[in-house]
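Line order of the protein sequences matches chains H and B.
Under UniProt numbering, the first residue of the first sequence is numbered 1, with each subsequent residue one higher.
Under UniProt numbering, the first residue of the second sequence is numbered 1, with each subsequent residue one higher.
Hints are supplied without guarantee of correctness; some may be wrong.
[Claimed, not checked] Okay, derived cross-link-like pairs now, BS3-like style, lysine-lysine, Cα gap no bigger than 30 Å in a straight line:
(1) H/207 <-> H/252
(2) H/672 <-> B/672
(3) H/673 <-> B/673
(4) H/654 <-> B/474
Bear in mind the hints are in silico, worked out from the structure with no lab data behind them.
Values in this document were obtained by computation on a predicted structure and should not be read as measured data.
Protein chains: 2
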Amino acid sequence: MNRTKFTLLVFSLSFIIILSPLLLFAEDGSQLWLRYQSAIHYKAKVTSKEKSPAITIAIRELENSWQGQPIEFNLDKKQKHLKDGYQIKGNNDKITITAQKDVGLLYSAYHLLRLQLTETDRTNLNLEEIPAYDVRILNHWDNLNRTIERGYAGYSLWKWDELPNTLSPRYDAYARANASIGINATVLNNVNATPEILTGAYLAKVKALADVFRPYGVKVYLAVNFSSPKELGGLSDSDPLNPEVSKWWSSKVKEIYSLIPDFGGFLVKANSEGLPGPQDYGRTHADGANMLADALKPYGGIVMWRAFVYNPSNEDRAKQAYSEFTPLDGQFRDNVIIQIKNGPVDFQPREPFSPLFGALRDTQEMVEFQITQEYLGFSNHLVYLSPMFKETLDSDTYSDGEGSTIAKITDGTLRPNKVTAISAVANIGEDTNWCGHHFAQANWYAFGRLAWNHQLTSEQIADEWIKMTFSDNKDFVNPVKDMMLSSRETAVDYMMPLGLHHIFAFGHHYGPEPWGDVPGARPDWMPWYYHNADSTGLGFDRTTSGSNAVSQYFPPLNNIYNDIALCPENLLLWFHHVPWDYRMKDGKTLWDELCYKYDSGVQQVRAYQKLWDRMEPFVDEQRFREVQSKLRIQARDAVWWKDACLLYFQTFSKRPVPYDIERPVHELEDLKKIKLDMKHHN
Amino acid sequence: MNRTKFTLLVFSLSFIIILSPLLLFAEDGSQLWLRYQSAIHYKAKVTSKEKSPAITIAIRELENSWQGQPIEFNLDKKQKHLKDGYQIKGNNDKITITAQKDVGLLYSAYHLLRLQLTETDRTNLNLEEIPAYDVRILNHWDNLNRTIERGYAGYSLWKWDELPNTLSPRYDAYARANASIGINATVLNNVNATPEILTGAYLAKVKALADVFRPYGVKVYLAVNFSSPKELGGLSDSDPLNPEVSKWWSSKVKEIYSLIPDFGGFLVKANSEGLPGPQDYGRTHADGANMLADALKPYGGIVMWRAFVYNPSNEDRAKQAYSEFTPLDGQFRDNVIIQIKNGPVDFQPREPFSPLFGALRDTQEMVEFQITQEYLGFSNHLVYLSPMFKETLDSDTYSDGEGSTIAKITDGTLRPNKVTAISAVANIGEDTNWCGHHFAQANWYAFGRLAWNHQLTSEQIADEWIKMTFSDNKDFVNPVKDMMLSSRETAVDYMMPLGLHHIFAFGHHYGPEPWGDVPGARPDWMPWYYHNADSTGLGFDRTTSGSNAVSQYFPPLNNIYNDIALCPENLLLWFHHVPWDYRMKDGKTLWDELCYKYDSGVQQVRAYQKLWDRMEPFVDEQRFREVQSKLRIQARDAVWWKDACLLYFQTFSKRPVPYDIERPVHELEDLKKIKLDMKHHN
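Chain H on its own, in the form it takes in the complex:
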């Protein structure tokens, strides 16, 4: 080998070695916000007297990536007030971490690494973190055939066919990601559950997943079908007051706990959208929930019983959950929590909060959010959901006087709850980047962070996430944060401003279909049911002279919502049928305001495109291009939404779109012909 060749070789090798930390993983989004750089010439010193699988992971994470002071773990089981939280105290020389549970130490490790990745000062630490909710849980609407209802990031992570013998490395990565943001629970299967999940064969698969998740502090829960005793157990019925039925459930629960000693409990969708439930036997939701709760009680399990119920009746759909559940207040066991969607209808871009919050005074309540963007552009639209989650949590119900926010009702501050919980429908699938859209990862992240601490601001959460996921360069962080923070309002503007709701295309809920009318379908699945456009105006009259849904809210909200002059304009068409020439607070007519809102949504998305394109120097090429491409779709969709809604509502308003607004570029008749080949899963 001559000298030139040798030099070249050395040069090449150096090049590889220098780059290797960067080459450890491709920037394809697979690392989520966990893009820790391995410390190459440094191994952090981490000591712990106690040992456990969670502590082992915590030490490994820190040894791999922590580039600071030595750390001492201290497990102190007397510090009950910490729950699964932790204290971190430290100076330049040393950091001491105290927790009462081993998982608290694991959470603290991710806390430190977050501080490191966000370039936060770590020389003088003195903090205590206690989670706001006991159960911070994801709901996977994953079917056993691996499709995901309302899933937009590929098929289910759970490879049921391979389980329990083959374990995908993504199970571990999934649990780690959840642990890193404090999520400690997961419902593996769709709320539209099949009895099959409770067969021995499937429970063995569930156990395999639970074993992988356990060291990360993530407990497994299952959604159950209320007819399981009949369908699976061969009983004559599934009547909750039938002793054979409760016996079947007790036996099944015992079987589950023999496999999974820390099993969390059941999530139940009953007597809703065609699913079976206690009402099939003339029993109440309380009868059904309590029977299951009794079976779980000996093992510490809980029942999350969904309030998402409505029937094709003449009663305003937005009123039905309240009507059904308030008479049952006080009848539920203390290991039952009523799981209530944030709004009274169904995860719309904007809804008022569900009036059930606070209304059940002697019943535990929890929120169900939706992270997966069923009604917000799937994984094509960039919509940062933290402001929407916060909007609900910070809503004042006035149930116990001013300041009775949903956060305080559900986190135990105002009510003596035995168990507190918060849930969200996951947006996770088999896609390399987990969530379909790189920015959709932020919604998983935000849910976890808010479940831990709902007092965090959306801006703080976005700030952390951006720095960890992309770059801490302020020329990147600040504009991207602005984009994220405004993005939900932007989506509302181009989809359903001013309180409009549920004017989506039937079935897939992706595009606009305000004209939608499926012969024979139930009215409360039809857009006209919600928008009520006619020659006089637009919107659903839920005032005292209409459906009177306003009466379900505590004073003064009932009066505020009832009064068109007081009702917040962003909910106007939710509560009122408003004349086209009604004067909004800015002096515009309703029709003009509607037009400007839609147009503003379009212009905002275009502004996001410009903003993102300027970010190219700060982002790896793959993620830059993928986000750029999604924003192009979003920009096209925003124009589609605007044109469809304005051209359709114009057939009622008979008014011109204000002439300074960009004109429609589609024909209404052409838009009506669009039939996307989309299913409601995958």
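Using the hints provided, position chain B relative to the given structure of chain H.
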């Protein structure tokens, strides 16, 4: 019948009577610019000593619609200088019109009615109108199966199957429309001619049309296939120097004139794009043209011989017509005119003028324009072509020193032409509104007006046309005129700015396909042949160091076009391969300038949409909606063009689209997949 019913009946009848003038025709565009109101209680007094079919029509038109002074027609055959023009003299009491031909009187009638419809003062008239060209001719690219090559307004007007026995009323309406703007000639069939048109059966049909057109002064011409003697006559060849061939043509011409005594002559596309011609026998274009000219000469017929010839050779396609025809200068008979497309390639949104103009010093030349928008968005885009026609006519070739404009070369001012002519490919079809787009009617109108008087400004023509076609309200006329006048430059901007050309989709020429590459197809039909994009820059080097096409222009143009610093920027990429970072006169780089041009085109179309929507109060609903709908298509197409071209050229320039420009909303790969189901006819 009781009194109430009777009153109602009277009321209803009055209503019908009052409205009847308005109900005479629907505002569907079928009336073109001839929307004369019938004078109900007034019949103009028109007197004429001479009688003829043309004079009868002139009198009828005025009696029906003229609402002014008595008119006296005066036919004075000694006033040869008037050609088919006229003098109008008059005061408040009387108008006297003098012409040397009866058709001149007909033209004068339309002149008066135009003055009336445009609200021009008619109390003191003293004017003389003499047409600039002898032959003002439309070329219909209509096939005998009624498809139209590059036709976008339905099938052919000529119902060959029904002819000669059944005469559509639209034949008369067609001739009347032409007469109203001075068009006096028409080639009925496609230049890609089939021999069949010369069969006895078809000549009988042609005669029937000629008979309808004759009173309006419109003469019929035919496009002929050079192989007709062989194909139709059964001769062994169609060699122009074969006496049998010239005998066949003489006999055929005699047959034609026996049916149509005022037959105009032949239009010939020979040895071009696969059609037969004299070169098939080693003869020249002159040999071919002269042989036909000799046959037509005894009857006063002419030959329009097209210079649109090019072969798949290594010579720059833009040079080939010049190369082929200049050696033949002086060899053509005096009843042959070489018909030259305005530009050296093919009706692109912008080309420099063809260097053949002025280069044939001893050969008669005429311009061929294209009214049908083959390369300008078909009948979907609003593009007013008068500025484009004027750009060519006013181009100074410098052939005979400064001021040697194409208008002066072709109208006989600079050359002692025996016959002068100007032609354009028609945009007329069977559609109710004739041209597909209501505003495309303006291009038929503008061609006629310019053929009559090329000194009219585009603004004058637009002004007349708008007032006659829509409304004379200045709040309508002025903005709409602005839109029309800028529209061609707008189309250039969003399609092919800065001298780009022929980057259309293969076959249909509607959308963008700068990446187009059809395996096995000839290079000069491929976009890359024209744009030459590479990592260094963009454009076709036609300088002395490139194809040297600049040498075909007279000084100083050859030097101006050759020098990148002097070359007009709107032709820059036609003549130069320009570096991406070349500094334009405004200081921007070529790449940035290109981006801003494309974006400007998009924004302009959006501005047209806003403008048009404001015009709703001035326009009948049907035409308003139809134009609105076309503008929506144009707006979408402009974005498509911009995205396709910028994203494609960006793969070479490797530069960002300037960040203040609206971002692309498509993916290049998606745009590449678009395959429109469009043929090149209908």
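Going down the list of hints, with the structure as the test:
| no. | hint | result |
| --- | --- | --- |
| 1 | H/207 <-> H/252 | holds, 14 Å |
| 2 | H/672 <-> B/672 | holds, 26 Å |
| 3 | H/673 <-> B/673 | holds, 21 Å |
| 4 | H/654 <-> B/474 | holds, 26 Å |
The earlier numbered hints are all upheld by this structure, with none contradicted.
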